[in-house]
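Undergrad: Quick note, the sequences are listed as chains A and B, same order. Residues 1 to 491 in our numbering are what the first sequence lists, from first letter to last. Residues 1 to 491 in our numbering are what the second sequence lists, from first letter to last.
Rather than coming from a laboratory, the hints here were simulated on the basis of the structure. Incorrect hints may appear among the rest.
[What the hints assert, rightly or not] In silico DSS-like cross-links for lysine-lysine, where the CA-CA straight-line distance does not exceed 27 Å: (1) 404(B) <-> 57(A); (2) 208(B) <-> 396(B); (3) 336(A) <-> 57(B); (4) 322(B) <-> 57(A); (5) 47(A) <-> 259(B); (6) 57(B) <-> 47(A); (7) 259(B) <-> 22(A); (8) 348(A) <-> 22(B); (9) 54(A) <-> 57(B); (10) 262(A) <-> 344(B); (11) 396(A) <-> 113(B); (12) 259(A) <-> 344(B); (13) 113(A) <-> 98(B); (14) 133(A) <-> 348(B); (15) 322(A) <-> 348(B); (16) 451(A) <-> 409(A); (17) 309(A) <-> 259(B); (18) 309(B) <-> 259(A); (19) 325(A) <-> 57(B); (20) 113(B) <-> 98(A); (21) 451(A) <-> 87(A); (22) 113(B) <-> 57(A); (23) 47(B) <-> 344(A); (24) 133(B) <-> 22(A); (25) 250(A) <-> 98(B); (26) 322(B) <-> 54(A); (27) 57(A) <-> 57(B); (28) 54(B) <-> 325(A); (29) 22(B) <-> 133(A); (30) 396(A) <-> 57(B); (31) 57(A) <-> 22(B); (32) 47(B) <-> 54(A); (33) 98(A) <-> 87(B); (34) 133(A) <-> 259(A); (35) 348(A) <-> 133(B); (36) 262(B) <-> 322(B).
[Said to hold, decoys possible] Going by beta-carbon spacing under 7 Å, a handful of chain A positions derived as facing chain B: (37) 36; (38) 42; (39) 62; (40) 63.
Treat the numbers as computed from the prediction; the structure is a model and nothing was measured. Note that the Cβ used here is the ideal one computed from N, Cα and C, for glycine as well.
Protein chains: 2
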Amino acid sequence: MAKYLTNRDENYAQWYNDLVIKADLAENSVVRGCMVIKPYGYAIWEKIQATLDKMFKATGHVNAYFPLFIPKSFFSKEAKHVEGFAKECAIVTHYRLKNDETGNGIMVDPSAKLEEELIIRPTSETIIWNSYKNWIRSYRDLPLLINQWANVVRWEMRTRLFLRTTEFLWQEGHTAHATREEAVEETERMINVYADFAENYMALPVVKGYKSENERFAGAIDTYAIEALMQDGKGLQTGTSHFLGQNFAKAFDVQFTDKTGKLEYVWATSWGLSTRCIGALIMAHADNHGLVLPPLLAPIQVVIIPIYKNAEQLNSITDTAKRIKSDLEENGISVKYDDRDTNKPGWKFSDYELKGVPVRIAIGPRDVENNTIETARRDTLEKETIQASRTVDHVKRLLDEIQKNIFRKASEFKKENTWYVDKWDEFVDIIENRGGFIMAHWDGTGATEEKIKEETKATIRCIPFNSPEEDGKCIYTGKPSARRVLFARSY
Amino acid sequence: MAKYLTNRDENYAQWYNDLVIKADLAENSVVRGCMVIKPYGYAIWEKIQATLDKMFKATGHVNAYFPLFIPKSFFSKEAKHVEGFAKECAIVTHYRLKNDETGNGIMVDPSAKLEEELIIRPTSETIIWNSYKNWIRSYRDLPLLINQWANVVRWEMRTRLFLRTTEFLWQEGHTAHATREEAVEETERMINVYADFAENYMALPVVKGYKSENERFAGAIDTYAIEALMQDGKGLQTGTSHFLGQNFAKAFDVQFTDKTGKLEYVWATSWGLSTRCIGALIMAHADNHGLVLPPLLAPIQVVIIPIYKNAEQLNSITDTAKRIKSDLEENGISVKYDDRDTNKPGWKFSDYELKGVPVRIAIGPRDVENNTIETARRDTLEKETIQASRTVDHVKRLLDEIQKNIFRKASEFKKENTWYVDKWDEFVDIIENRGGFIMAHWDGTGATEEKIKEETKATIRCIPFNSPEEDGKCIYTGKPSARRVLFARSY
Numbered sequence: 001m002a003k004y005l006t007n008r009d010e011n012y013a014q015w016y017n018d019l020v021i022k023a024d025l026a027e028n029s030v031v032r033g034c035m036v037i038k039p040y041g042y043a044i045w046e047k048i049q050a051t052l053d054k055m056f057k058a059t060g061h062v063n064a065y066f067p068l069f070i071p072k073s074f075f076s077k078e079a080k081h082v083e084g085f086a087k088e089c090a091i092v093t094h095y096r097l098k099n100d101e102t103g104n105g106i107m108v109d110p111s112a113k114l115e116e117e118l119i120i121r122p123t124s125e126t127i128i129w130n131s132y133k134n135w136i137r138s139y140r141d142l143p144l145l146i147n148q149w150a151n152v153v154r155w156e157m158r159t160r161l162f163l164r165t166t167e168f169l170w171q172e173g174h175t176a177h178a179t180r181e182e183a184v185e186e187t188e189r190m191i192n193v194y195a196d197f198a199e200n201y202m203a204l205p206v207v208k209g210y211k212s213e214n215e216r217f218a219g220a221i222d223t224y225a226i227e228a229l230m231q232d233g234k235g236l237q238t239g240t241s242h243f244l245g246q247n248f249a250k251a252f253d254v255q256f257t258d259k260t261g262k263l264e265y266v267w268a269t270s271w272g273l274s275t276r277c278i279g280a281l282i283m284a285h286a287d288n289h290g291l292v293l294p295p296l297l298a299p300i301q302v303v304i305i306p307i308y309k310n311a312e313q314l315n316s317i318t319d320t321a322k323r324i325k326s327d328l329e330e331n332g333i334s335v336k337y338d339d340r341d342t343n344k345p346g347w348k349f350s351d352y353e354l355k356g357v358p359v360r361i362a363i364g365p366r367d368v369e370n371n372t373i374e375t376a377r378r379d380t381l382e383k384e385t386i387q388a389s390r391t392v393d394h395v396k397r398l399l400d401e402i403q404k405n406i407f408r409k410a411s412e413f414k415k416e417n418t419w420y421v422d423k424w425d426e427f428v429d430i431i432e433n434r435g436g437f438i439m440a441h442w443d444g445t446g447a448t449e450e451k452i453k454e455e456t457k458a459t460i461r462c463i464p465f466n467s468p469e470e471d472g473k474c475i476y477t478g479k480p481s482a483r484r485v486l487f488a489r490s491y
Numbered sequence: 001m002a003k004y005l006t007n008r009d010e011n012y013a014q015w016y017n018d019l020v021i022k023a024d025l026a027e028n029s030v031v032r033g034c035m036v037i038k039p040y041g042y043a044i045w046e047k048i049q050a051t052l053d054k055m056f057k058a059t060g061h062v063n064a065y066f067p068l069f070i071p072k073s074f075f076s077k078e079a080k081h082v083e084g085f086a087k088e089c090a091i092v093t094h095y096r097l098k099n100d101e102t103g104n105g106i107m108v109d110p111s112a113k114l115e116e117e118l119i120i121r122p123t124s125e126t127i128i129w130n131s132y133k134n135w136i137r138s139y140r141d142l143p144l145l146i147n148q149w150a151n152v153v154r155w156e157m158r159t160r161l162f163l164r165t166t167e168f169l170w171q172e173g174h175t176a177h178a179t180r181e182e183a184v185e186e187t188e189r190m191i192n193v194y195a196d197f198a199e200n201y202m203a204l205p206v207v208k209g210y211k212s213e214n215e216r217f218a219g220a221i222d223t224y225a226i227e228a229l230m231q232d233g234k235g236l237q238t239g240t241s242h243f244l245g246q247n248f249a250k251a252f253d254v255q256f257t258d259k260t261g262k263l264e265y266v267w268a269t270s271w272g273l274s275t276r277c278i279g280a281l282i283m284a285h286a287d288n289h290g291l292v293l294p295p296l297l298a299p300i301q302v303v304i305i306p307i308y309k310n311a312e313q314l315n316s317i318t319d320t321a322k323r324i325k326s327d328l329e330e331n332g333i334s335v336k337y338d339d340r341d342t343n344k345p346g347w348k349f350s351d352y353e354l355k356g357v358p359v360r361i362a363i364g365p366r367d368v369e370n371n372t373i374e375t376a377r378r379d380t381l382e383k384e385t386i387q388a389s390r391t392v393d394h395v396k397r398l399l400d401e402i403q404k405n406i407f408r409k410a411s412e413f414k415k416e417n418t419w420y421v422d423k424w425d426e427f428v429d430i431i432e433n434r435g436g437f438i439m440a441h442w443d444g445t446g447a448t449e450e451k452i453k454e455e456t457k458a459t460i461r462c463i464p465f466n467s468p469e470e471d472g473k474c475i476y477t478g479k480p481s482a483r484r485v486l487f488a489r490s491y
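The shape of chain A in the complex, shown without the other chains:
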């Protein structure tokens, strides 16, 4: 193989890290916990952005941009919000450097100290609601449906590429509504948009549900989340949508005159999805050969590789390859023709497998003679030789099949690794030895949740929307419970 990849079954964590580095997605920077997203990784993010942005606009949202900095005092305005974020903030205290008088380079100029420190946004509710205060007067100004694409910073102590980084890229929607009902409806609408995106673009089956109080967003009345299962049996939350009630409206005094002339506090939601979901994309589908990208989010959907011994052969292959490339591109398919002479075909095959390109086309001199091409699909590694004239239809079908197949595979994996458990011993055993999603009864208290976490490192990932009412006993305390909730270890 071109680049050595740790075996997934031997060391999952190392396999993941190897893959991110070797597929050229991202790397750690010199700044603690901050990553550099390399062009190939960023191209996936651009696809994610373009897709989601269309979905947000189709549901009536517009984009805007709010400041990176949040005055320290804003944080204290919503009590739970500050509790949740104060411990992981990057804080700007000065605004000038100067020459170090002892001759050792430059130093922070102590005379350029800010009167009030500024926090780099870990999330933007406070700065945004402070703006909304001036934008909202009457029910006519509502709803306000705004999204922001931005970088945010949370000073994480233990970081991993894409999954948990000090700085990350995301989108954060912040909406304002006249009624509780509308805000709840929006919260639901957006978790459904995320689930739609996860399942139909990322090919990632997800469980939609409520977060338990312990796991709620700091400042939310209710948090909805989508939870996906990774191949190592851990859960990964890929998007959240929060019903914020009137908490931020009260903290920032945002009131409006309703249709009857009465002054009311505004109802809020916020929802976000980040570069973290690239981590989910990798961990859900990739194998020992490398990434397996869903065609709808793959920066390169088809790679064409010439197989030749001399310049003459290359020339005639290039003619065919260019024609095929332009035919495919006319059909909206992104294609790369890799005719670099610095690497052998075998090296290229491995490299594009590593990079998860869904379809590979190889063309040799005999193919040119016979008017054929060889296709290989990344998900099953199956090869086929077909008539060149059939290329467009065949590739379209392959892309469609791959998209469906990896979703099906992930769905089966999830089904096979979701356990309905009623005994604590079994719960512990599965968590320790098999992993996966456990559907179990819970007494509804934070204390029990905390104890289960201490003993097994498993947490309540969500209370699934579709979990039916069912009499049962808490897996840990035996106290009565009305429905099962979803437990797992998680990223």
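Please arrange chain B on chain A, whose structure you already have, making use of the hints.
TA: Showing chain B alone in chain A's frame:
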């Protein structure tokens, strides 16, 4: 009028500020010097981004993302770079807040002090070249053609919406090349891309040229810029492209093995364009009625306004309007149908004029009867009544004409306000009393440039590429000069 706008000729600065606020483009935030870009302003930025991003990709560039934070020590590595940026840096010194023990909210936790302070990027050469060090080994790794869309922070003391803000959005290209020639070629290519964008999309005629040494980017060997003339006679730089030589390669020790096996330092360029250009867009075209947006960058190209007295009339108008809207949209034209009943047509007319929407269509009951519509173009305010069946062709033609007309108008303005001056008195008189671009001889010294700036506030905006060789005497010192350079007061 719906919203009062200061007269442009009475108080240009106030007119500009009014316009930005009242057209709902942006507003100042509570954080000193930071703006909130509101949805309508951000939609213009999205158009700019989409257009430029295509142009960058068509010239072989890819996007990536580098950290927001730069270790303080990186700055000192390139001597001129630190000199240029050290005085306007936001500096992160701590990473945690805690409860203030005296009970006054929260405070910075003194125990969470960073060992090395982090600078919020004012530009990313240093952090990027530190990454390139690991990416470049051989000539095969070159050229590296990378762009980044990001936010940056420069602690400006005097800020103005869009034109100069503490935080702003921009793109920064950073390329690495094997030879000086290739890097110079890239520097030229990108200033040409910017000029193409300015003239053909922003409808903004520009002068391309070199910066004098005083005005060069901190760390560059050569800076190319495009300079546009605003309606108040001041210049505004809307994009720059820097030839960085081997300065950053040497500072970060980035060497490669060339084809002959020799170790060489890498050659670099960087180039950027920011949200500042929205300021240029406004100041170049807008009038006392409001914005005049070039159709190619207008978020809404056509607005349809119904004129009605009762629900029955509105219904039949809506039928027509919706048909027209979908016909136009099928032709790739963005259309808003504003049937809000909260505002009168006259108010809407003014409001969309204020917002610079290129074409307005009004439809009344008589229009429905006669199968006509009324169009109004924003640039000339001319109205026409046409057969509804001709709408698509007519609107297409109007959009095309408006785009060309505002470019022509701006070009004429620039021509009329470019002065070839040989006497100092005249120079001072024009700068003081008329404004505009002055083409004058200069002795080539920074000292003279500095004195001219002190006496007139005019600086050398650029040394135009197309300024012919011509014997002359410096406008200020009378010393010999070989070509004219472009002077102006500027933003």
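Undergrad: Give a verdict on every hint.
TA: These are the hints, each one checked on the structure:
{"no.": "1", "hint": "404(B) <-> 57(A)", "result": "30 Å, violated"}
{"no.": "2", "hint": "208(B) <-> 396(B)", "result": "31 Å, violated"}
{"no.": "3", "hint": "336(A) <-> 57(B)", "result": "14 Å, holds"}
{"no.": "4", "hint": "322(B) <-> 57(A)", "result": "19 Å, holds"}
{"no.": "5", "hint": "47(A) <-> 259(B)", "result": "36 Å, violated"}
{"no.": "6", "hint": "57(B) <-> 47(A)", "result": "15 Å, holds"}
{"no.": "7", "hint": "259(B) <-> 22(A)", "result": "25 Å, holds"}
{"no.": "8", "hint": "348(A) <-> 22(B)", "result": "56 Å, violated"}
{"no.": "9", "hint": "54(A) <-> 57(B)", "result": "21 Å, holds"}
{"no.": "10", "hint": "262(A) <-> 344(B)", "result": "25 Å, holds"}
{"no.": "11", "hint": "396(A) <-> 113(B)", "result": "55 Å, violated"}
{"no.": "12", "hint": "259(A) <-> 344(B)", "result": "20 Å, holds"}
{"no.": "13", "hint": "113(A) <-> 98(B)", "result": "19 Å, holds"}
{"no.": "14", "hint": "133(A) <-> 348(B)", "result": "25 Å, holds"}
{"no.": "15", "hint": "322(A) <-> 348(B)", "result": "52 Å, violated"}
{"no.": "16", "hint": "451(A) <-> 409(A)", "result": "34 Å, violated"}
{"no.": "17", "hint": "309(A) <-> 259(B)", "result": "23 Å, holds"}
{"no.": "18", "hint": "309(B) <-> 259(A)", "result": "23 Å, holds"}
{"no.": "19", "hint": "325(A) <-> 57(B)", "result": "18 Å, holds"}
{"no.": "20", "hint": "113(B) <-> 98(A)", "result": "19 Å, holds"}
{"no.": "21", "hint": "451(A) <-> 87(A)", "result": "23 Å, holds"}
{"no.": "22", "hint": "113(B) <-> 57(A)", "result": "42 Å, violated"}
{"no.": "23", "hint": "47(B) <-> 344(A)", "result": "42 Å, violated"}
{"no.": "24", "hint": "133(B) <-> 22(A)", "result": "17 Å, holds"}
{"no.": "25", "hint": "250(A) <-> 98(B)", "result": "23 Å, holds"}
{"no.": "26", "hint": "322(B) <-> 54(A)", "result": "22 Å, holds"}
{"no.": "27", "hint": "57(A) <-> 57(B)", "result": "25 Å, holds"}
{"no.": "28", "hint": "54(B) <-> 325(A)", "result": "19 Å, holds"}
{"no.": "29", "hint": "22(B) <-> 133(A)", "result": "17 Å, holds"}
{"no.": "30", "hint": "396(A) <-> 57(B)", "result": "25 Å, holds"}
{"no.": "31", "hint": "57(A) <-> 22(B)", "result": "24 Å, holds"}
{"no.": "32", "hint": "47(B) <-> 54(A)", "result": "14 Å, holds"}
{"no.": "33", "hint": "98(A) <-> 87(B)", "result": "7 Å, holds"}
{"no.": "34", "hint": "133(A) <-> 259(A)", "result": "19 Å, holds"}
{"no.": "35", "hint": "348(A) <-> 133(B)", "result": "25 Å, holds"}
{"no.": "36", "hint": "262(B) <-> 322(B)", "result": "67 Å, violated"}
{"no.": "37", "hint": "36", "result": "5 Å, holds"}
{"no.": "38", "hint": "42", "result": "5 Å, holds"}
{"no.": "39", "hint": "62", "result": "4 Å, holds"}
{"no.": "40", "hint": "63", "result": "5 Å, holds"}
In the structure shown, a violation is registered for the earlier hints numbered 1, 2, 5, 8, 11, 15, 16, 22, 23 and 36, in ascending order.
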